[in-house]
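Peer 1: Here's the letter readout for the chains.
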Amino acid sequence: GEDVEQSLFLSVREGDSSVINCTYTDSSSTYLYWYKQEPGAGLQLLTYIFSNMDMKQDQRLTVLLNKKDKHLSLRIADTQTGDSAIYFCASLYKQAGTALIFGKGTTLSVSS
Amino acid sequence: DAGVTQSPTHLIKTRGQQVTLRCSPKSGHDTVSWYQQALGQGPQFIFQYYEEEERQRGNFPDRFSGHQFPNYSSELNVNALLLGDSALYLCASSSATSGDWETQYFGPGTRLLVL
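Just so you know, the protein sequences line up as chains A and B, in that order.
Residue 71 in my numbering is what sits at position 71 of the first sequence, and the numbering runs on without skipping anything.
Residue 43 in my numbering is what sits at position 43 of the second sequence, and the numbering runs on without skipping anything.
This is chain B alone, in the form it adopts within the complex (with noise of 0.2 angstroms):
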């Protein structure tokens, strides 16, 4: 049973660009979160996509945004890239509609570099 899968595994980026990072869940699950995680601190929660529609959102700009398809998979896309943005980026899948909902579990992340 695969568990949560990220890809790219490391990307690097200039200022100004737009990244795409992908995720695929668990299996059996239907819900998937992103995260950020600035070297040294602890992941901050980005949004959360359920039913391909963004459930809750945290305090990230507008340059941060989200899909989900069908199969539940999802992509978080950011544009206008800043040096800031440089961090782990961390998917996390649950299910919504078993009784595991409020178990969140991590993929090994994408770390981006932004120069």
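If we strip away everything but chain A, and leave its shape as in the complex, we get (with noise of 0.2 angstroms):
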């Protein structure tokens, strides 16, 4: 079946870029997110790549794509204390329905 796979922890100093890569396996895959969550909290939307694009830049977060391997990245600039959390990546499974695919996620720490 369709997975998602991440790497499972990140620690990065204050002011440093944070890396948080992703391979999917679904290469029918129209669109790719990623999603934020803080503990005890619901997932929070940071951004979202269609298919067809290598990269897409939001403020601080730059998301590339590579279809050929299958892998996507985010990349958080001069990351603060407060993006410390856990990092979703998903993948869109449209069948009859558009069910979301989802990573384990990565803990991203980010110490002062």
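Any given hint could be a false lead.
As the list claims (entries may be wrong) - Have a look at the derived ranges for each label pair, beta carbon to beta carbon: (1) B:Asn59 / A:Gly40: 24 to 34 angstroms; (2) B:Gln17 / A:Arg75: 23 to 33 angstroms; (3) B:Glu54 / A:Glu2: 16 to 26 angstroms; (4) A:Met55 / B:Ala80: 42 to 52 angstroms; (5) B:Gly16 / A:Gly40: 21 to 31 angstroms; (6) B:Glu51 / A:Ser7: 17 to 27 angstroms; (7) B:Phe60 / A:Gly40: 44 to 54 angstroms; (8) A:Met55 / B:Glu52: 16 to 26 angstroms; (9) B:Glu51 / A:Arg13: 21 to 31 angstroms; (10) B:Glu52 / A:Arg75: 33 to 43 angstroms; (11) B:Asn77 / A:Ala77: 41 to 51 angstroms; (12) B:His67 / A:Asp3: 29 to 39 angstroms; (13) B:Ala96 / A:Ser109: 18 to 28 angstroms; (14) A:Lys56 / B:Ser27: 21 to 31 angstroms.
To be verified - Short derived list, chain B residues pointing at chain A, Cβ under 10 angstroms: (15) Leu11; (16) Tyr35; (17) Gln41; (18) Phe47; (19) Arg57; (20) Gly84; (21) Cys91.
Simulated from the structure, these hints should not be mistaken for laboratory data.
For every residue, glycine included, the Cβ atom is placed at its ideal position computed from N, Cα and C.
With the hints in hand, could you dock these two chains into one complex?
Peer 2: Rendered as structure tokens:
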């Protein structure tokens, strides 16, 4: 079945850039997403990219998509302590409806 | 503009009981999806409702059922609760009829503990 994989943990210092990586198996994925989850909270949509794009930039966030390798990355510039959270990569699996397939999440820890 | 709301926020049940969770979609949205997030895992798709019908279903047993009302709000019912049903249940809404169909917005979730 469809699968999305992420590294589980990333630690950076405040002010550095963070890069969170994700690979997916469904070559027919039309959209790929990054969600953020803070402790005890729901999911906040950060950004998403259509599969015919290679890059998308939104303020401090840059998403890169390599369709050949089915690899997606999220770069956070000037990482702040408030960016500490779990980041989920998700792929849109469009069959009859529109189900999202999530990775297990990457915990980002930002130290000052 | 209210986002996705869910109730209750927390719930404690015992094995064998039944539970109903509720979700109101974001204003203007007509599609509701439910996800289960076990501790330390990513969310897993349970099912999706559109036009009051189940449109797509993930790999969950029939103990999990749902309903969508004419005002687009939705319920998730779980029968014969098992300890393994303890999780955060997330509702997401989207719009099948607007140009925003590909974007799902999540509520804060209902945390269910089964003892």
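Peer 1: Would you mind marking each hint as holding or not holding in the structure?
Peer 2: Structure-based check of all given hints:
no. : hint                                   : result
1   : B:Asn59 / A:Gly40: 24 to 34 angstroms  : holds (27 angstroms)
2   : B:Gln17 / A:Arg75: 23 to 33 angstroms  : violated (46 angstroms)
3   : B:Glu54 / A:Glu2: 16 to 26 angstroms   : holds (20 angstroms)
4   : A:Met55 / B:Ala80: 42 to 52 angstroms  : holds (48 angstroms)
5   : B:Gly16 / A:Gly40: 21 to 31 angstroms  : holds (28 angstroms)
6   : B:Glu51 / A:Ser7: 17 to 27 angstroms   : violated (40 angstroms)
7   : B:Phe60 / A:Gly40: 44 to 54 angstroms  : violated (24 angstroms)
8   : A:Met55 / B:Glu52: 16 to 26 angstroms  : violated (40 angstroms)
9   : B:Glu51 / A:Arg13: 21 to 31 angstroms  : violated (50 angstroms)
10  : B:Glu52 / A:Arg75: 33 to 43 angstroms  : holds (42 angstroms)
11  : B:Asn77 / A:Ala77: 41 to 51 angstroms  : holds (44 angstroms)
12  : B:His67 / A:Asp3: 29 to 39 angstroms   : holds (30 angstroms)
13  : B:Ala96 / A:Ser109: 18 to 28 angstroms : violated (38 angstroms)
14  : A:Lys56 / B:Ser27: 21 to 31 angstroms  : holds (26 angstroms)
15  : Leu11                                  : violated (15 angstroms)
16  : Tyr35                                  : holds (8 angstroms)
17  : Gln41                                  : holds (6 angstroms)
18  : Phe47                                  : holds (8 angstroms)
19  : Arg57                                  : holds (9 angstroms)
20  : Gly84                                  : violated (17 angstroms)
21  : Cys91                                  : holds (9 angstroms)
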